[in-house]
Amino acid sequence: MRSRVAQALLPPLATFILANLVWETLVRALSVPAYLLPPPSAIVGALARHAGTLARGIAITGKAALIGFALSAVAGVAAAVLMSSARWVERAFYPFTVFLQTVPLVAIAPLLVVWLGFGVTPVAVAAFIVSVFPVIVNTVTGMRSTDPALLDLFRLAGASRRDRLLKLRLPFALPSIFAGLKVAAGLAVIGAVVGEFVASYAGEDAGIGMLVLTYSRESHTDRLFAAVGLASLLGLAMFGGVSLAAWLALRRWHPSENSASP
Amino acid sequence: MSAPASALAAPVIRLRGVRRSFNGGVVAIDGIDLEVPQGEFVAILGPSGCGKSTLLRLIAGLDAPQGGEVVVRGGSALADRARLAYVFQDAHLLPWRTVQRNVELPLELAGIDRAQRSAAAAQCIAQVGLADAAGRYPAQLSGGMRMRASLARALVTDPELLLLDEPFAAVDEITRQRLDEQLHALWAGRRVTVLFVTHSISEAAFLAQRIVVLSPRPARVVADLPDLDGAARTAVLRTEPAFNDLVRRLHAALAADAGTP
Amino acid sequence: MRTKATLLLFAFLAAHAVPPPLAAAEQAAEKVTAKEVKIQLNWLPEPEFGGIYASELRGAFAAHGLAVEILKGGPDVPAVQMAAAGRVEFAVAAADEVIALREKGADIVALYATYQTSPQAIMVRRSRPVTGIKALLDAGGTLIAQPGLAYLKWLGSRFDMSKTRIVPYGSGAMAQFLDPKATDVAMQCFLPAEPVTARRLGVETKIFLLANTGFNPYTAVVITRRDFFTAHREVCRGLVAALREGWKAYLDDPKPANEAMAKLNTSMDLGAFAEAAEAQRDLLESSDTRQLGLGAMNEKRWAQLSQQLVDLGIIDVPVPAQDCFVTLD
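Chains as they are written, first to last, in the working numbering: chain H, 1 to 262; chain Y, 1 to 261; chain S, 1 to 329.
These are computed hints drawn from the structure, not numbers from a lab.
Worth double-checking, as some hints may not be accurate.
Unchecked claim - Residues of chain Y clear of chain H, computed beta-carbon distances all greater than 12 Å:
1) Gly67
2) His92
3) Ser150
4) Arg217
Said to hold, decoys possible - Calculated lysine-lysine pairs in the DSS-like style (CA-CA distance at most 30 Å, straight line):
5) S:Lys263 with S:Lys38
6) S:Lys300 with S:Lys153
7) H:Lys63 with S:Lys181
8) S:Lys263 with S:Lys206
9) S:Lys255 with S:Lys35
10) S:Lys134 with S:Lys153
11) S:Lys153 with H:Lys63
12) H:Lys63 with S:Lys163
13) S:Lys300 with S:Lys134
Stated by the list, open to error - To give a feel for the contact side, a few chain S residues facing chain H, derived at Cβ under 10 Å:
14) Pro78
15) Val80
16) Ala150
17) Ser157
18) Asp160
19) Met161
20) Arg165
21) Gln176
22) Pro180
This one's a predicted model, so the numbers in the text were calculated from it and none came from an experiment.
C-beta: ideal position from N, C-alpha, C; glycine also.
Throw the hints in and build the complete structure from the sequences for me.
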């Protein structure tokens, strides 16, 4: 187990370090102005000097992203289960979920401000809007792919609809659901950051998205990169969290989480 | 038909002129008559794709005929039917449940309480020889073990009618023969009515009391042969001349109808 | 049959599409002399840029050998960075932006300072009982402002802003300010712009100029990169001259430029443009401009601003004032 974790972490870590070394060297050698592209050393410096503001920012963004993601998970799965209950339900509502996916967030974010004001609420809604679609799509796919023989078995056993849903269809769909959740995790962070461009407080309660905007306007590119880096880390952390949950739930029985099958 | 009124004599399954076709005008079953008395072990033998599985599904109530009638003791409706268990070609276990909990499943769905169903499941698991693996997950079992678990699951409700659709087709020959022996022993111990669909002549000859041979699609009964009743079902049987004679007759029955359009 | 007709049609069109030889030569000659440049505005077309549009309309740019493309901006257009990166030849910025970017290594210089007094202000409803910025910030509430602007840091250093919540200035800012339920909202504004809009929508305002608190950077400054200036001195000279003419014309009669800008910025009607042009008059002139011409700058003010930015922590070391601007006659 320990060596497996090391095996997973070592290659990307090595690549990351190498990339940063190349970046640092190039920026110094070519004398690139700091406001255009700061070297990693400047970014780390900015991270250290403004740790307080950045930490506050990522906490605010993280809170909104988590709420949005949680909403997506619950509402997305629920909606998908509902849509899978009957063909006509699916046909009636599925196109609207596609619509949710295609409306650009930057266009509706100002509307969110009008309806919900500033702060965590509209940002969480933004995160939800962006991340709910993959949950729905993957869950519907998972619900559709139940083993027909098992459906027959349940039918022969006289199982109730509730039993069929909770004991067969939902567990069967779990790998698909987790696949959707993994995608949704990263998207929730993106949705939160973009939502914050418009809907976050500035000043003391600024989320990472607002800090990105502020640093951009101030031409503090090193702080900007530090903020963006933290946002990426947040996305990674959320993705990692979902992956861990998936591994815990599926490791005993699904080939996607098994390292070896008999 | 002057059948005695006692329940024992009335057939568990009665099919009259059953017809079933699918979209595109494919006639899977064209007029089948069949009667299966209580406790009989019947093999349904036919080439692949001849409609054997369709027939089994009609009997199970998973499908309805377009012509004729299917009567399973108790009535035509699924709800009235005798206690029925179905074994598929693949084990189809719930991968997220242990063997124990998989075998408990039919009882769980019927609302039986935990203690009762746990005991019943443990008993069936022991009967198929999986007692050591009861806590394992399907992914950790071999194909043959999974099939045995599926069998245990079928037996846990103590069914009156056991339908098996080529259950051992996906298992290797050695394991298959062992499973055949086990199944026969289980049947002998319980007196359950068994319908066993297969395309393997030797398997049909080994297992059944009676062999119904179906023609290629559209399926009709081509032959209905009594088997080697009473003979001990051991590995030795496969070498006996009577056995091989039966096999030859079955071959002939199948071949005779092979070219029929 | 069909192809023959099509060919004839093409031939007919081609014959009439080619301009007569003399006109072509004239066009070619003009193209060779006029220098094509872009100027990036840092907001939507408003009286703030009236002189620029007036120059264009009067042909002042063309008369000085320039073909100027005016690119309109908005709340999030990084005009000064675009000029620093060489994407555009000229841009409009505030003096504090110029100093901040210079300190980070961008060699940009100011050519023309439109506003001698900064129009940066904070506005509230006239009905609010606050008498000045200090009173406003002490009372708390919401301030709609663009985060990252220097004046906000200035306010933070001079006054206690702990009771004030800052929300970003976005497309819904005016609607938020005008909301009758919003009794404690203040908004960043430019003196000739937002207050005029508010008044025309029925809300009278009180305006608190930042300049009155001691923070008075040159605003709507036209800037360029130093290497462009060195290589194209005459072009820059011509631009400044054209701007002076345009602004003078705009001060005399803002109507033609207003009409042009109103077409590009539909958020304000012509009446608003007229009011705004009137409101900003006093901000455009100073003793410097009366002596040296419109847009003139002096070293002392640049030095003062540079020191202020150091005190605010926006830059680490003061930037030499003489490096920040150039004087062209």
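Each hint tested on the structure:
At the 12 Å boundary, the C-beta of glycine 67 of chain Y stays outside the reach of chain H, the nearest C-beta of that chain being 23 Å off. Listed as a non-interface residue, histidine 92 of chain Y fails to keep its Cβ farther than 12 Å from every Cβ of chain H; the least gap is roughly 5 Å. The beta carbon of serine 150 of chain Y is not kept farther than 12 Å from every beta carbon of chain H, the shortest such distance being approximately 10 Å. No beta-carbon of chain H is positioned within 12 Å of the beta-carbon of arginine 217 of chain Y; the least distance is around 21 Å.
Distance restraint check for lysine 263 of chain S and lysine 38 of chain S: the Cα-Cα separation of roughly 20 Å lies within the 30 Å cut-off, and the hinted pair is therefore satisfied. Distance check on the hinted pair: lysine 300 of chain S and lysine 153 of chain S sit about 22 Å apart at the alpha-carbon level, within 30 Å; holds. With a C-alpha separation of about 29 Å, the suggested pairing of lysine 63 of chain H with lysine 181 of chain S holds against the 30 Å cut-off. Using a Cα cut-off of 30 Å, the hinted pair lysine 263 of chain S and lysine 206 of chain S holds, with the two alpha carbons roughly 29 Å apart.
Pair hint lysine 255 of chain S plus lysine 35 of chain S holds up; C-alpha atoms about 28 Å apart against a cutoff of 30 Å. Annotation: proposed proximity of lysine 134 of chain S to lysine 153 of chain S holds, straight-line Cα distance about 14 Å (limit 30 Å). The suggested pairing of lysine 153 of chain S with lysine 63 of chain H holds, with an alpha-carbon distance near 27 Å, which does not exceed 30 Å. Between lysine 63 of chain H and lysine 163 of chain S, the direct Cα distance comes to roughly 23 Å. Compliance with the 30 Å bound is thereby established for this hinted pair.
The hinted pair formed by lysine 300 of chain S and lysine 134 of chain S meets the criterion: a straight-line CA distance of about 27 Å does not exceed 30 Å. Checking proline 78 of chain S against chain H by beta carbon gives a least distance of about 7 Å; that is within 10 Å, so the hint holds. Hint status for valine 80 of chain S relative to chain H: holds, with the closest Cβ pair at about 8 Å, below 10 Å. For the restraint placing alanine 150 of chain S at the interface with chain H, the shortest Cβ-Cβ distance is roughly 8 Å, inside the 10 Å limit, so the hint holds.
Interface restraint check: serine 157 of chain S against chain H, minimum CB-CB distance 14 Å, threshold 10 Å, status violated. At its closest, the beta carbon of aspartate 160 of chain S sits 13 Å from a beta carbon of chain H; the interface hint therefore is violated under the 10 Å criterion. For methionine 161 of chain S, the interface hint holds, the least distance from its beta-carbon to any beta-carbon of chain H being 7 Å, beneath 10 Å. A cut of 10 Å between beta carbons decides the hint on arginine 165 of chain S: the least distance to chain H is about 6 Å, and the hint holds.
Taken as an interface hint, glutamine 176 of chain S checks out: its beta carbon lies about 8 Å from the nearest beta carbon of chain H, inside 10 Å. With a cut of 10 Å, the hint placing proline 180 of chain S at the interface with chain H is violated, because the nearest CB-to-CB distance is about 15 Å.
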